[in-house]
Structure formats: C-alpha cells, structure tokens
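Asks: Let chain R serve as the given structure and place chains G, W, S, H and B on it in line with the hints.
6 protein chains.
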Amino acid sequence: MEKIITLGELMLRLTPPDYAKIDQTRSFMANYGGAEANVAVSLAYLGHRCYFISKLPPTDVGDSAIKHLRSHNICTDYIARGSSLMGIYFYESGFGGRPSKVIYNRRHSAFTRIRTTEFDFDEIFKDATWFHVSGITLALGKSVREVTFECLKYCKKYHVPVSFDFNFRSKLWEIDEAREIYKKVVPYVDYLFASYWDANTMMEILPDNENASKEEKTINVMRKLINKYDISAVFMTDRTVYSATENSLKASYITKDNVYHTNDYHFQILDRIGAGDAFASGVIHCLIKDKSNLEHALDFGIVTCVLKHTISGDSSRLKEEDIYDYLKGCKGVVR
Amino acid sequence: MEKIITLGELMLRLTPPDYAKIDQTRSFMANYGGAEANVAVSLAYLGHRCYFISKLPPTDVGDSAIKHLRSHNICTDYIARGSSLMGIYFYESGFGGRPSKVIYNRRHSAFTRIRTTEFDFDEIFKDATWFHVSGITLALGKSVREVTFECLKYCKKYHVPVSFDFNFRSKLWEIDEAREIYKKVVPYVDYLFASYWDANTMMEILPDNENASKEEKTINVMRKLINKYDISAVFMTDRTVYSATENSLKASYITKDNVYHTNDYHFQILDRIGAGDAFASGVIHCLIKDKSNLEHALDFGIVTCVLKHTISGDSSRLKEEDIYDYLKGCKGVVR
Amino acid sequence: MEKIITLGELMLRLTPPDYAKIDQTRSFMANYGGAEANVAVSLAYLGHRCYFISKLPPTDVGDSAIKHLRSHNICTDYIARGSSLMGIYFYESGFGGRPSKVIYNRRHSAFTRIRTTEFDFDEIFKDATWFHVSGITLALGKSVREVTFECLKYCKKYHVPVSFDFNFRSKLWEIDEAREIYKKVVPYVDYLFASYWDANTMMEILPDNENASKEEKTINVMRKLINKYDISAVFMTDRTVYSATENSLKASYITKDNVYHTNDYHFQILDRIGAGDAFASGVIHCLIKDKSNLEHALDFGIVTCVLKHTISGDSSRLKEEDIYDYLKGCKGVVR
Amino acid sequence: MEKIITLGELMLRLTPPDYAKIDQTRSFMANYGGAEANVAVSLAYLGHRCYFISKLPPTDVGDSAIKHLRSHNICTDYIARGSSLMGIYFYESGFGGRPSKVIYNRRHSAFTRIRTTEFDFDEIFKDATWFHVSGITLALGKSVREVTFECLKYCKKYHVPVSFDFNFRSKLWEIDEAREIYKKVVPYVDYLFASYWDANTMMEILPDNENASKEEKTINVMRKLINKYDISAVFMTDRTVYSATENSLKASYITKDNVYHTNDYHFQILDRIGAGDAFASGVIHCLIKDKSNLEHALDFGIVTCVLKHTISGDSSRLKEEDIYDYLKGCKGVVR
Amino acid sequence: MEKIITLGELMLRLTPPDYAKIDQTRSFMANYGGAEANVAVSLAYLGHRCYFISKLPPTDVGDSAIKHLRSHNICTDYIARGSSLMGIYFYESGFGGRPSKVIYNRRHSAFTRIRTTEFDFDEIFKDATWFHVSGITLALGKSVREVTFECLKYCKKYHVPVSFDFNFRSKLWEIDEAREIYKKVVPYVDYLFASYWDANTMMEILPDNENASKEEKTINVMRKLINKYDISAVFMTDRTVYSATENSLKASYITKDNVYHTNDYHFQILDRIGAGDAFASGVIHCLIKDKSNLEHALDFGIVTCVLKHTISGDSSRLKEEDIYDYLKGCKGVVR
Amino acid sequence: MEKIITLGELMLRLTPPDYAKIDQTRSFMANYGGAEANVAVSLAYLGHRCYFISKLPPTDVGDSAIKHLRSHNICTDYIARGSSLMGIYFYESGFGGRPSKVIYNRRHSAFTRIRTTEFDFDEIFKDATWFHVSGITLALGKSVREVTFECLKYCKKYHVPVSFDFNFRSKLWEIDEAREIYKKVVPYVDYLFASYWDANTMMEILPDNENASKEEKTINVMRKLINKYDISAVFMTDRTVYSATENSLKASYITKDNVYHTNDYHFQILDRIGAGDAFASGVIHCLIKDKSNLEHALDFGIVTCVLKHTISGDSSRLKEEDIYDYLKGCKGVVR
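Protein chains in written order, with the numbering used here: chain R, 1 to 335; chain G, 336 to 670; chain W, 671 to 1005; chain S, 1006 to 1340; chain H, 1341 to 1675; chain B, 1676 to 2010.
In isolation and in its complexed conformation, chain R is listed as follows:
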C-alpha cells in the first residue's frame, strides 16, 4: 500500500481577520501549517495516504495540531510528543500595495528538540513510496538535521524516491550555514524544487556564460546540477508580484534532455501561504502516478499552486477533478 512520508514542523499560524494589521486586531484566526505538512495535506486531498514525521508539545495545542492532520486523513503515528514550546507564526495578510508580513515565534520549539532515538526508521521507510522534505526543516538546527539525514539514509537503503524543495528562509539561518547543508542534502535527492538563485548561491554552480540570457543561464546551471548530482528533474516557478492580492505565476522543469514552460497564470489571492507547497504536491502527485509525463506533472502542479491562492489556510484542499476542471476552462456555478 502507498505510503508518502514528509518531515517537518507543524506550526500554529495566527492571522488577524479581515486584512487587519497585527497591531489592530483583538482576535486571531488559528490554522496549522508548515511546508512539509502542507505537502502531505495537499497530497491527501489528491487521494494519497500520507504520513508525517514531526514532534509537538504534549499539550492541548499540540493535540489540536494533530487533530488538524487527522481531519485531513494524515497518519499521525510518527509524531513524537515532548518539550514545551509550540512553533507559532503570526501572519499579517497584505492588501493591494501593502505587503504581507510573517513574524516567527518558533525558536526553541518542540520540533527543534526532535531526536533520532524517537523514531524507528526501518519501520517508517521499509515500505515507503516517497519522501519529501524542504530547506525550512534543515534550517531548524542540528538535531532536526540529524533526523533529516537519517531519513535520507533510510530512503537510500529502501530505494525511496526523494523530493526536496530548497525553500531558503533568510530569517531562519545564514547563507553560509545553509550552503554547507544544502550541498550535503542534494546528493540524496531525485527531484528538486529549486530556483536559479538556489543553484547559483547555495550549490555554487556558475553559468558557463555570465552574459547569456536568464533562461539560457538557468538551463545551463540546472543541467550542470542535474549531471553532478544525478537529479531526475528540477522544477521551478516564476512569480510576478503586482500587489499583495494580485500575482502571476509560471513554472518550468529542466531535465538532462528537456525544458518545458507552462502558461503564465494571472490570479487574485485569498491566501498565498503554502502555494509553493501546493506546487510541489501537484508535481509529486503526478510523478507517483506516472514518472514519464513531466509536462503533465508541471501543468498539474502550477494549477494546484494557482488555485491554492484561492483557499484560506496553509494547504491546498483541491481534489484532482478541481485541477482538471480548471485546466478545461470550467469557471462557472452549476446549480
């Protein structure tokens, strides 16, 4: 039976209602999210059985986070409990020319206290279908990284495909520290979600010709990365921000032999948190079903990402048919 595994922190997100600024509000809407949890939830809506490795405080707040995952049918057996701090972030939703804001209140959280001894990795990975993790998890300290590398090693041991999203967050760690870690992770990875900047700055892969076009340099650099680390494919999105509530997005993939760009989608935004995770989930969904059709995976992924912006909360709740309806141009109410 199918078993998709992701590893990461699940945080409580606190958002003022009605586009209020944080210093205006008297209440917060509560959601639970985190990059890899979002991928798991999104995949669950696309019909997969997902497992989430994490650690949460043994409190009612930690319980709430677990209930959230369970309601989305995520298996929560691999969530350790312990330590006292819930990772929290405040999100101020931007409007028009006023940008959104993220304020982290997550340092020293229970997840940063995760230990390899809390898990039976053989049991977790021996029959796994897929493993996904992102750079945010890597940024959360030494013991989180130990658990991550343990997961990656067991993926190798049991031939579990690995997807990895760079997701560099400058608020969480320094470039120098990140670079060192990213270089240790990529050798384990089969499918990469990464930008030109990631390849360039983090992996220190330089274009052969600095004067080439952005697109040529991206293909050049990604091909070098692909060859060096034996990556199956690199996926990336390209976002244009018109305002906090109006963006456009297109996506590309690059393999040894192919390059493909999707259309550019222009859209309005209800909640942009987790859009990148939705993209990853859409691509992974298709890869699990059929590794050979990357073009379809990319089209499916970018629409999952675009439509995620219309759903509040950190993760997509889209079913396969929602994506196909959109690809077919269906926009109406049928009564």
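Think of the hints as simulated: they come from the structure by calculation, not from any bench.
Even glycine gets a Cβ: it sits at the ideal position worked out from N, Cα and C.
Heads up, none of these hints are tricks.
For lysine to aspartate or glutamate, the following DMTMM-like pairs were computed, each having C-alpha atoms within a straight-line distance of at most 20 Å:
#, chain 1, residue 1, chain 2, residue 2
1, W, K771, S, D1330
2, R, K153, R, E118
3, H, K1511, S, D1065
4, R, K67, W, E990
5, S, K1008, G, D412
One side of the interface only, derived from the structure: several residues of chain H facing chain G at Cβ under 7 Å:
#, residue
6, Y1359
7, K1361
8, G1436
9, G1437
Replies: Okay, now just chains G, W, S, H and B, sitting in the frame of chain R:
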C-alpha cells in the same frame, strides 16, 4: 391598488463566511432566498407592493423565512404552512479561479407538498397587476406544477400579465421532463426571460439557417417563438465569466419588430446569487410603469443585475435612485 | 486489537450563537452529531479505537461530517455514501426559564436510505470488541432497521457484547410502532440504558405492585426485564430540570443481584445535547476495561455525563484523567 | 378589525458583545428598541395587530428601524420621516456584581422633532382598540408632548382604552417638570403601570398613615389615585436585584375592590432591557381578551416579564403558548 | 521638544462588517476618527509627538475615544469633557459599482459645544512645532470657529506654521457660509491643501483665461491665491474613481516658482476613509523634517495616501519604512 | 509627581471564544497581560500614573503589547526591545465543573533576555512613589532576577516602598530554587501578599504550635515573618472554588498588632485571570493614599478583586467609584 404576485420556494441559504470552503467552516451565514421570492423582494425595494405564494414548514425556521419577507414589506398572507422539511441549500462562494458551488438539500421540502386546495385563487388574482414565476418552481414536482398551472389559468381569467424565466436547473430535473412542461407553460406567458439554448433545446425551435451567426440565429429563433406563442418580448443576458469574482454582462431584448443590446458591463462580485432575478425585477419594474419603452427597461434591468452582484444575500436591495445614479455615472462617496 | 462499533446517523447541527432564538439569528454554528456517533467520539477521547457505520450524502457537507469524525480519530471506513439529503437539526439553546428547542430537518435523509448490501458485516464484526446502538436509529425507518438487525445478528454470530439505549423520540415515531421494534431488539442486548417508563410502556413489563414506591417498582420491573431477556445490567439516569441552564442528575444500575445509586450532581449547562450519550460512553468505557466493577462504571459514567454539559458540541471531549480529577474534587486553575 | 396603537421613540441600541465593557469593544451588536415599540412588538408576538406612531430620520438607519418593526409585523404607516439624528443608546451589559450601564445619545433626535401636523389623528384613532404610551415619551420635550396629548384627546373622542406606564427616567428630565406633566396625563388613563413612588412623588398622593406597612400604604395611596382619576386598575412589579445576572420579581394589581399578588419568580438574566414593557404587554394582551380576569392578566404579565429576561434584544418574542407552558411548569427539551 | 497640534472632532464610526448594507447588518465595527485626529495619528506612526485639541462627552464612549488616541501615543491633555452627545457617523462600505455612503449623526455633538474658556492657549502653543486644521472643523458652528480662530491667532503669536485642508462638506454647511469663513482662515495659513474648485468657488479667485487648459487654469489660480495670501505651497490630489474598490490618484504641488506632479497610482481599496488626511500627514511629516524638498514631500504624501486605502480604520498606521519600501518597489512577503 | 513602578513580563494571552476548548477552536481572542502589568493597569484606572519595566520583541506583536499599555495610560518608556520570542499563554476558560487551563508558551521569551544594562535605574527610581513585583518575575531566570534585585536595591537607595506578591507557580520553577530566591527578596519588602503556605514552605517559618487552628497558626507564622523581616503588613486572600464559574473570596491582613478579616464574597466569574493582581492593586491604591487605614485598604482590595472576576481580560478596569458603589450595595441599572 398595485399587487404583484410571485410563486416559488423560499429556501434557507447557508454560506460559509470569508470565502471558506464548506469543509472548512464552523459556522454558516443564514439568508433566505429563492428565484421568485428574490424577484418580489427586489421589486419591493423598487417601490412595489408584492405578494408571495408559497408553503413553509410550521416551525421557527419557517417563521424566520416569513419574517425575512415581511422586513422587506412583502405580503405573506398567501404562504401556506405545513409539512416538516425546510428547503435548504449550501453555497460555497468561489474566489478567483475557484468556482462557487451550490449543494441542494431541498428534496421533499414543504414547498413540494403545496396543494391547490390551500389557496383561494380568485381572491389572489382578481385584482392582480402582474404574475411572475420561473422554471425552478416547475422543476419541483407534480403538485407544485398543479399550483403553477392554476395560477396561470387565473391570470388568463383575470387578464393578469405573466412573466416567466426559464431558469432550467439540471440538478433538479431531466431535460425531457422539463421540455414537456415548458411547452405547456409558454402559451400563458407575455414576457419571457430565455436564452437561445432555452428556445432551442426546451421549446425545440430550430434556426432556419444553422450556419448563420449566433446573433442571427438567436433573433430568428426568438421571433419564431414570439410569433408561435404570441409573446410580447423576450429578454436575455449574456455573461462572460473571467473568474468567480469578476464577470461581465450584457443584455438584449427581441420583439416582433425590434432588437436591442445594452452595453457590456464589467464588474466585481460580492454575491452572484439572485443576479438573474434582479435582472427580471428591473425589467418588470419598468414594464409595469411603461410597457412601451423596452429599451429603458432593458438598461434598467441590466444595471439592477450588475449592481445585485455587489450586495450580499439572494436579492437586490437597490432603490430606483441607485440604478439611475449608476446609469448617470455617479461612483463617489459624498460626505 | 480493540474495535468498538456504533451505528447511527450523523447530522449537521445548526445552533444560533449567543443564546439567540432561531428567528433572531443571521448565522448558525455548525456541529456534527448523532447519538451513536457521540458515543463513538466520546469513547475515542477515553482512549478507544472506534468505528462508525453510517451513510452520508456524497457532497462537501457529507465530507465535512467525515472530517469531523476523523479529527476525533474515528475510523470512517464503514460509512456508505449516496442519496442527496443531509440530516440536519436546528437547536435553539434555552436560557433560564426559556427551554431549549430541537427542530428536525432530517426526514428522507441519506441515512434513511442505508442498505444492508452496502456493508460486509463479517469483515466489520468478526474481530469487534463492542457494539452500541440506540432507539433513535430504530426510529428512522425500515431500511435502517434492517441494517440494525443485521448488525445485531452478526454480534450474536461473533459473540460481540451489545449495549442499547432506548432513546425514544416522540417526534420520530409512534409508541405503537416503537414498542414492536424495541421488543425485537432487546433479546440481542447485554447492557441496557433504559428508564422505568421504557420498561413499562415499551416492553410492557408491569410492576407487581402498582402502589409500591417509584424505586421499588423500578427495581421490580427491571429485574423482570433482566430475567426475561438475560440482560447483564440496566443503567439509568434521573434528571431534575431547574432551568434550561441548571439541572441535577443522579444515576442507578440494576442487576439480578444489585442496585446502586450515585450521588446527585447539581450543575450548570453550556450544552446539554449528547449528555445521555456521554453517560453511555463512560459506562461502556469501564465495562470494556472491567465488566465486574459496575459501581465504578456508574460513577465514571455519571461524571462523564455531568461534565459533558460543560462542553459545546454534541459529544464529550473528556479524557480519563478529567473524570478522575473531578471525582477527586479538583476544581482549580493550576498555572 | 383589531388595532393597537403605541407612541414613542424607536432607538438604535448598541451593545458590546460578550459582556465587554464599552471601552473594551471593537464592535457593537445593533438592536432597535424603545419602551412603547417594545410593547407593540411583544403584543404582535402574542397575536395582535399593532401600529406604531413615531418619527425617524430619512436615512438608511431610519429604514433599518422600520424594517425591524415590519419583520415583527408592526404596521409602520404612522411613522413620520424627517430631521437628521437617530436616537441612540449604548448598553453595557453587567455581569454578576458589575451593574449594567445605559448611556443615552438621544438628545435632539428626529423623534423630538415630531409634529401634530404630521398625522391624521381621526384616521389613526377612529377604529382603534387600545392606546399605550409611557412616561419616557413625555420626557422627550414639548413637541413630543403635544403629539401625546393629541393622541390622548382622540382616545377620549373615540372611546379608546388607554394604558400608561410611568417609566420615570431621571436622566431625561427633572422631577418637577415630570410631576406637572404626569398630572395632566393620568386623567386620560384607564390602566396604570405605576409604583408607590410614582403615586407618591409624581402624583403627590400621600398615604393616610405614614406609619402603616409598605403594603398598606401602597393600597391606600393607589385606591386614592384610582378614585380621584377613575382608574380601572393599577399594575406594579417589585424587583429584587441579587446581581446583574440574577434577580427576582413579583407583581401586584390594585383596583377599587381587589388586591392580588403573584408568586415571586427568581431567574437568571440574558438581557433585562424591555422587561417592564413585556410586563405591560402581557397584561394588556389579557385585558384586550377579557377585561374581567385581572388575576390571570397579572400572572400572564409577570411570566411574560420574567421570560423576557431570557431573550436578547429589547422586546419579548414570546408566544401565548410559551407563557402557558411556563405557567404549567414545562422546562424541558422535547426531541 | 517637538509638538504637533491638531484641532477637530473625534467621532465614533460605525461600519457594517463584510460590505453589508446598513439596513442588512446586526452589528457594527467601531472605530474612532475625524479629519484632524487622523492627521495626528498618522503623524504619530511617522514618529512625531502629537497633541489633539477637542471636546468629548464625559461618558465611557468618550473615554473609549481617548483610549484610542492614547494607544497611538497621542497626547490627550487638551481634550475637554462635557455635554452629552458623541459625534457618530455610519459608514456603508461600497463594493464595485455600489458606492460607499456616509450618514452623519453628529449635529449638536459635544465638540460643537467647545468653548475657548476650556483651554489655555498660551500653554498649548508657546512651544508648538506645527498646527493643522481643516474645513470640516470650521463647518461645525460658531463656537467651534471661535476656538479655531483663537488657535490661529496663537499660531501667529508664537510663529507656529499652519497647514489647512479645505475639506468642504456640503452635508455640513452651505457654500455661502463656508466661503465667508474660508476667506478669514486662509490669511493665517502657510501650507494649503486645496483643489481648483476650492480656490475658485470658495476663495473666488478666477482664472485669467477661462479657456485655458484645466492645468493652466489651476496653476494660474493657485499662484494668484499664493501671492494674495502669502502661501508657501498648495498641495492637491486628483482622484479617478473606477469603482468603490478601485481608484487611481496623483498629486501636485504649486508654489510661486514651481509645479510638480507625481506618478498616477492605481490601487485597490480596503477603506478609503482618511486617505486625504493621510496625504496631508505624509506631506507635513516631510515639511517638518525639511521644508525645502517639496518634491519629496509630495511623493511621500501620495504614497502615504495610496497605502492608507489598504488599512482599515480612519487613519494611516504606516511607518516611514513602509512608505520608502513602497517607493522602492518592494511588494513581497519575506519569510 | 506620582510614579508607580512595576516590573514583569507582558504576555499575549490567547483564549478560545465562547468557553470552547483549545482543541475545538478556530480562533483566539487576544489580550495582553502579566501579573505586574495587570497591577499597573488596574492602578491606572484607579487614577495613578504607572510605569512598567519590561522587555518585548521588536515586532508588531511587541508593538501591540505596548499599544495595549498606552491605551491604559501606562508610561512605556522603560520597556526594552530585543530578542525574538513573545511570551504567550493559552487560556482555556473553564465552565461549571470543568476547570480552566493555562498552557504556557513562554520559555526563552524576550523578557527572559532582559539585561540590567538596558536601564538607567537612577533615572527610574530617583522620584518613584512605589515599586511592585511578584514571584512570577523571579521564576523567569537568572537575568530577570538580576534586574529585579537591581530594582530592589535602588528602591532601598531612594526609599521607595516595595510591595511583593509571592505568586509561586509550580509550572515555572522548583520549590527549592524558589525558596532560595524568595528568602533573598523578602528583606527588601515593605508590604507582602502571601499565604500561610508561602510563609511556611518558602520562608520556612514554622508555627509555634502545629496543633493550633489554621487561623492561629497563620497569625503566629506571619507575625514571626513580620518581625524577622520588618514587614509593615501581610495581605492574603482565601478562595473557595465551587465551580469554574462560581467562587467565594475573603481577605485578611496581619500586622504586628492587628488582624482583620473582610466579609466572604460569593460571586460569578466571567474571567478570573488577574484577580489576585487586582487585589494587590486595590490595596496598594489605598496604601498610597493613606498608609494608616489598612482595614479600608483591605475592604477596597477584596472588592476590586471580586469585581475583576466580572471583567474580561487580564486586568481590572474599575474606577474608584465602581468599588465604592459596590461597597454601598448599588447593583442596579439607572437609565
């Protein structure tokens, strides 16, 4: 004294707040609406005295629906009470590329148990000014249809003008069943709200030249309909859906001798439910005041429809001056 | 592994906020509940693995109900999907001298369309630990009853203990019809939740001495019932209603050899819906752990019931330690 | 046909939610109320046809007030429109030992600009069944008083029974001014709602024996008042305040020949505004049906008053059966 | 130490939530605002120490208004207390083609009862840095005007720079009355916020050539005004209204020697109230820091104004860095 | 001029609305509170000028906490900014037999990173009127304690009276660690808020006769404490918990020569957080005005405490007149 009569079901609409999906919400906003009730309420705001024929369960929920109508000054003397189920529908408001959804919970409702013996049709129609009904009502089963035809017969008896909106809903009945009923209703009708598809599929009126333009075919088919059933005018709208929150609309009317198209209005949407009913109400309002100026009726109707999209709830709350201000281009705040 | 099974309808409960009357409100709080689902959820909080047999419409509303159960860790594999109507009930929360009101909008719901062919009863019951059902389920029509009796037969086949709560609802069926069915169900039952009235009116077991005290008659009648149908124990509660927000409760059990009464608990009410189900769940929890200590089961059950009144929603969310803390007299905030 | 008329101001009440203090809140719940409007609404729920004489500003806020009345089936034909200020009051709901607070923002309101020329008193009173007004209306200035006296004169002309509630508000006028006016009004009155203090201080009727018991003095003074002004009956309530959320109440009536006291009712409070008006409405309801049974009228009135405290908003929404159920001791939920 | 002074009314703003119309809502969001208070609050966020001269009723509602100012660090020592009416206005937020509405409930408010004897003007102005007032204050009656002129005289006495915003409101006074007052105020003013219409209609300054372009006439008229009254600079905005939720704005300044126009900014609107006040505050902020760079002041002012539209409530909450980020094109979320 | 100083952490409190459990809620009400901040706010409402020493993160969340204090007129000049974590606590409001719960999310917060180098203690204390701190602050780690002792030393230096509340929290530190610190603090203290348990367990002062009554032992132990450390008076409360929503309280003070007990107050609870801080503030208020009347201080303090339970949020908002009205028995609404 003026007396406009409409016949239909009044349902409880349950809408998650803040563009939440139905499976996300912990509360629902409650409104009451239904195609013909919406027309009545909208006409009441335009200054008319309206009466609503219906049936509701004898519960506090039914009482709430009646209070809703009364607050809008609708006469509720012709609402029978009985049976136990309130017609309910869930409405998930779409956002951007995510379309809106309607989930009916209305089968077997009290209204479907309406009986001709519950009303004194002579008393209702003897001094009536206008009667309006739509295809939704016809879809709700045999005993609802009996009441409808009784109303139509009494309109004939007392020379009450009849307007009818096709409003075909595929979720409520089959095309074959609908076709048979529509054909029996149209002979009673003076003013029709219908699309080319309605004329073509339901009334089985085919264009003389299948290769003509859409507009030519529409005029051709509608003229045949008009002549066959002695219809005074057919009104229709043409909607373009850019997203769940952005549409455009234009309207046309066709008579024996004339065709007229309004401007195309591009607009943002707060709540699109009842927009078609608002269109009908705007047109009917003008017809009651002056049957000879159809062009003005159409312009008034389309603006009523466009502005309805900016009002939450199922019915327009626009006054005549709001429509005229918009037609005059007034958009500002005056303090 | 443990497997507790309950069978029943899961309804959407709509409650006006802030003690508003139904005809005052513009919004409803949404919960999901139903007698046997409440027992399952309550048992899940007490640490058990519960399965729920039911049928829900294949809509987002049905999905929401399932997510609700999953968040509480209920296994939802035995929920059939089909038919269009969600069972709904409106609940007007009373205050002081103004009593609460329940308005059912559940006739013809998907659950009433449940079919024995939709389930594999061998698979469901072969390793079951317990089965619970109540009279509300029996009231919902012929095909629901067929499924119920099928369950009861498989319990016999696999020696699964059965608990049954009379839960007669006069709004759902007539006494005569109920009497006939109850008499067919009780022979399958091991543990009964029933009142003197139930035994008297439904099972038609009369006291030997009409002039005896209420308590004597109850013991007399219940002993006759126990002997006739080989019941292990009968549990009952005795509620005094001071106002909609203030009640008191005590409980008793009667076996062949014993009678035991708990203390009388006086308490304030936040939400009384599901209190009886919480009582059953507390008793069943203890019976599963230790069938021999009925006194403890009853004390545990009545406190679960009393504390349920302080939790909004249809089911208890109490953990074992909450009950024991209360029994030990702990009432304070510890910071 | 029946036609009950009341005269008074309809104000917008602004209440912070959740027992917040006014200086804590960021939102206000909006209700519409006023002593005589409350009596009319309460009587409408008891099945009567009521008309309300008033004046409101010609704004959307005034419209909302009118919609509020219409939803309760009050006839709003006698409400003049004009002037700019809506009468507003802020209500801070007390809790336990913290008392409730009323802050008036009503000086110079539209109602204070009411004019006798705005009404056709013959048309209003020629077929009236009852007229009710209170001392609050009298306190609102000279032109309000002119309209009131005009009403009273037309009641005399058309033999319409008049009920009057002293309702003295020290925040609105001085005792000296009030005394003079009250003395001019009482000669027109048939049924009085008044306390010993009102009779003593306002009407300057002194007890024959200052040393008699409170009850003896009350009977003595009221009998003198009754004889002097030919009053049919005086009704009064006696409230004990244990806390903002817990009070008790009993009522008495005094006629030439009789005295009767109800039981003392102890109750919890959701919203005490309008309780006195509910008392008056309950009494008037019974008087209209049967003038001879004052005892029943008083029992009915005090229960209407007691139950009003359990309903939020300014007026009772109780039906006749709610009162009788309470009198019969019914307190439960029937499902 | 810096001391910016503004004079005006602080009103309670009541806004229906979620774009509801006033006649739909059951609750209002409460904010406090007023033209000159908004300028003070906005300047406080830009780092200034502001004092507000006003008068409020001695009630909890008045206290709330003061707490609001204090939370924004405004000095409230110069707010007199007395009289009973709080100035209130209702704001119906428009949507798309449906325009916003303001309904004043402010006549006879406490502020209109302000008296010169309530303030020690020497103490207030002797060390003041700046004084700002607008035409709304002037419209509020004779005694408000007396206080205003007293302020203006003390500004002269202590050489305090004065900025003035015409802010003519036709709902508050007649053009003829306004004209007379404006002409008396402008001689005291150093920096003017005024439109061509203000100069033309209020100050009765006519263009030399009626046939010149709008821009030429504006420059011509403003230069004449500048020369006549020795004004340092005139600032103005030019708004295009596409819909209630989408506008564009550009700004200009005119001095004896220079004219400068900003870019045209196109934007979406969350709350447009106070946008003009935000513009004034942005300009004044820069003038206080550097009177010589009017171009920068205007660019800063127009962005403050544009971004104010994205913040709910009556005043800007923007910090200097928010404005500079926007001017630099930063639009993204940085996590 | 008066200057009351308190030192402590200001936390964000997150409370589910409507008595929901933490694992039920989708939103949290946001308040700011902390023992010593509560004392300062409460004193500000009683008319004092208060200063608060603390440290908060330099984020919008920290800004919100400061705005909260400013709105209550607290001087925020002594609040350092730095470090990233906001101290947060979750509060689940109990109901009836279900107790309230506090879940701390405050470890490693910015306040625990406070440094003595961040403050100019001479400037702070040279003209101070009073200093208050509690044991919660002492529990928050070494560097917080350093700042606390620095404050205490400067109080000695400038002869500032010191009040101290034991406030031991077992969730924050161990008894052994606490005991050591408490013993170092008490020598600096003039007025103590402490229980028998505090004196006994923390200060290790044993009663001369273990068999004496609780009251005798308390007086005996406190007198020994008073004599040993030269304390002016010890204040204490004695709470009886009937349920989460119903408690009673009485208070006592003990000096060298006197003992006094207040009445026992029985009350309902809206929000019990901060009740002890309100007690301290009421006593301190009276001590500042008149050190000699301890009896009055205690009566005033216990009523402040009792009434705090009726106000939501962490601090009292009671004015002096509210306390006196309650002491005089006023409980009604005056309109």
